[in-house]
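Heads up: the sequence lines are chains A and B, in that order.
Residues in the first sequence are numbered consecutively from 186, following this note's numbering.
Residues in the second sequence are numbered consecutively from 25, following this note's numbering.
Source of the hints: derived by calculation from the structure; they are not laboratory data.
In this text the structure is predicted, and so the values were computed from the model without any measurement.
Glycine included, C-beta positions come from ideal geometry on N, C-alpha and C.
Possibly wrong hints are sitting among the right ones.
Derived Cβ-Cβ restraints for the label pairs, each shown as a range [as the list claims (entries may be wrong)]:
id : chain 1 : residue 1 : chain 2 : residue 2 : range
1  : A       : Asn292    : B       : Leu119    : 41 to 51 Å
2  : A       : Glu364    : B       : Gln313    : 33 to 43 Å
3  : A       : Glu239    : B       : Arg136    : 33 to 43 Å
4  : B       : Leu119    : A       : Arg343    : 40 to 50 Å
If we take Cβ atoms under 10 Å as the criterion, some of the chain A residues that face chain B in the derived model are [what the hints assert, rightly or not]:
id : residue
5  : Thr189
6  : Ala190
7  : Ala194
8  : Ile196
9  : Gly202
10 : Val349
11 : Leu352
12 : Met361
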Amino acid sequence: MQFTATLLATIGKLLSGATVRWFDSQPDTCQRVYFANHTSHLDALIVWSSLPREVRELTRPVAAKDYWAKGWLRPYIAREFNAILIDREEIKVHQSPIDMMLREMGNTHSVIVFPEGTRNIDEEMGDFKSGLYYLGKKRPDLELVPVYIENLNRVLPRGEFLPVPLLSCITFGPPMWLEPKEPKVEFLKRAREAVRRLKDL
Amino acid sequence: MDLSWYLPLMQLSQLTQLSGTELDFRTKVLLAVVLGLLLAAWGIGWALKRQPESTASPAVVRTFNLRVRSWLLMFGVLIFSFLLGYGVTVTLFGLISFWALREFITMTPTRRGDHRTLFWTFVVFTPLQYVLVGVGEYCYQIYTVLIPVYATLIIPARIALSGDPKRFLERVAKIQAGLLICVYSLSHAPALLSLDLKEFQRPVAKGTVSNTENGGTAVSVAETNEIPMDGSIVEPPVEKPAATTNNGILKPAVAARDYSNAGLLFYFILIVQVNDVLQYGWGKLLGKQVIAPNINASRTWEGLIGGVLSTMLIGASLWFVTPFTPWEGACLAGIAASMGSAGGLVMSAIKRDRGVTDYGTLVQGHAGVLDRIDSLCFAAPIFFHLTRFVLYMHAAAG
């Protein structure tokens, strides 16, 4: 399972020349939700490959089913990375994406999510969708780790398929949790700020 | 049958040969001395670090140690690539160019519309330039114009096709400047390796008369590969020593005094690096008048002039590894040193301009390659062309 994924991660790393920085946090195998700004197709790949091997093996990217289930290549890649595919179109009450993610995570896996929902076109980050809040609410033990991805949108912008090998930077911030009785809007704003703060460090 | 199209391919095949880049005895001595001095400096730095109560300030010691370590790495890698051969050395410079261009474009803001152009820049122009340089003298007329003419015109055309007019000229100029400084200029350093020193140096000493008459490189290329221009395969002249035909680089005949191209390249790099050090030293000793305080507060006129003059002395005294006379060595070293200093100042200006906005964090872990090679980039093309000119004058003087 890991071979194609490791190969792709190595190529991606070389192409994106990614520097990895950890600010007030350390790589750990405990269950975590890595949430990052979304600017490029390479995001999940590069964040995944910037984790140490033993952490990487336990970490699964979360991706959209409508996109990653098409054709033969995308499902293959999704399988190689052990991705959790979420149905964006048919969200049912009895099978909410959050429940499904938590089921897939079990008691061992960590996940990489992009709370903006889609790749943003300009530099400015979009508003966070509420999934992160519900994850934090249903599993208060999960560490929520903000990740800021810089310059990958120049390596492979939306709508392009050939990457330009510039240098990029992945910054992991200190873990955060949902405070007791914290309102949804407040929390999402705080989470978004936690990601954006890493840009200026 | 016309076989002339085949010649560039023959030249290309020499890139894959793992024969050592030939070093003459004098160059070997110089390499050993420089390596020895660097190791001694490393030892001194290590000793200074172990004695915190010494007079030198810890910051200076740290800078010194970092510098010495990066030179050791630089010269170590260079010598190692010489040992591995011509193709490896050219490839090494290609990779350095690639990384420098990466740093340059990363710190320069581009727009979405530039993406495809940048792809061309990285994937086509950069490798192509080095392949042509690797082919050597035969492609001289192409690799000296590939980027200044072809790329310079194709870049604005491709950006215009993307349909984004915003700050058009500025975006075009940024990519052109990056390609010109990081790729085109630096590629003239390994181009020194394919200069046919003996062709220029000793036309009389050669076995055949045709070469002296033509003085052209195409003929010598053909002769080295035993394929004359008319396409018929002939036996090599018997009196030609076998050793000269099977080494990696074009060496048609033996001269009384051999110079190695690797020695010339090493001389050039050493001169430019030494100038950087001397300039720093003179600046610390005598520096009063800062050249451009807004660009770089540590570069002074005293440092510049002192550095260039003392580099000229060193360049003249190292004439024995080059085909130059001491006077020519002094002049070329002086010009290379001045261009190198100009390069450092230009790159400082670019960095200072970017530093105001969003340089800083992004390249933090990476910054370095461009900082180390800025002076080499600016000095390389001028040194290359002047060397050609000097050699040509030697050949003309007979």
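Taking the hints in turn, this is what the structure says about them:
no.: 1; hint: A:Asn292 x B:Leu119: 41 to 51 Å; verdict: 46 Å, holds
no.: 2; hint: A:Glu364 x B:Gln313: 33 to 43 Å; verdict: 60 Å, violated
no.: 3; hint: A:Glu239 x B:Arg136: 33 to 43 Å; verdict: 38 Å, holds
no.: 4; hint: B:Leu119 x A:Arg343: 40 to 50 Å; verdict: 30 Å, violated
no.: 5; hint: Thr189; verdict: 23 Å, violated
no.: 6; hint: Ala190; verdict: 24 Å, violated
no.: 7; hint: Ala194; verdict: 18 Å, violated
no.: 8; hint: Ile196; verdict: 14 Å, violated
no.: 9; hint: Gly202; verdict: 6 Å, holds
no.: 10; hint: Val349; verdict: 4 Å, holds
no.: 11; hint: Leu352; verdict: 4 Å, holds
no.: 12; hint: Met361; verdict: 21 Å, violated
Violated hints for the displayed structure, listed by number in ascending order: 2, 4, 5, 6, 7, 8 and 12.
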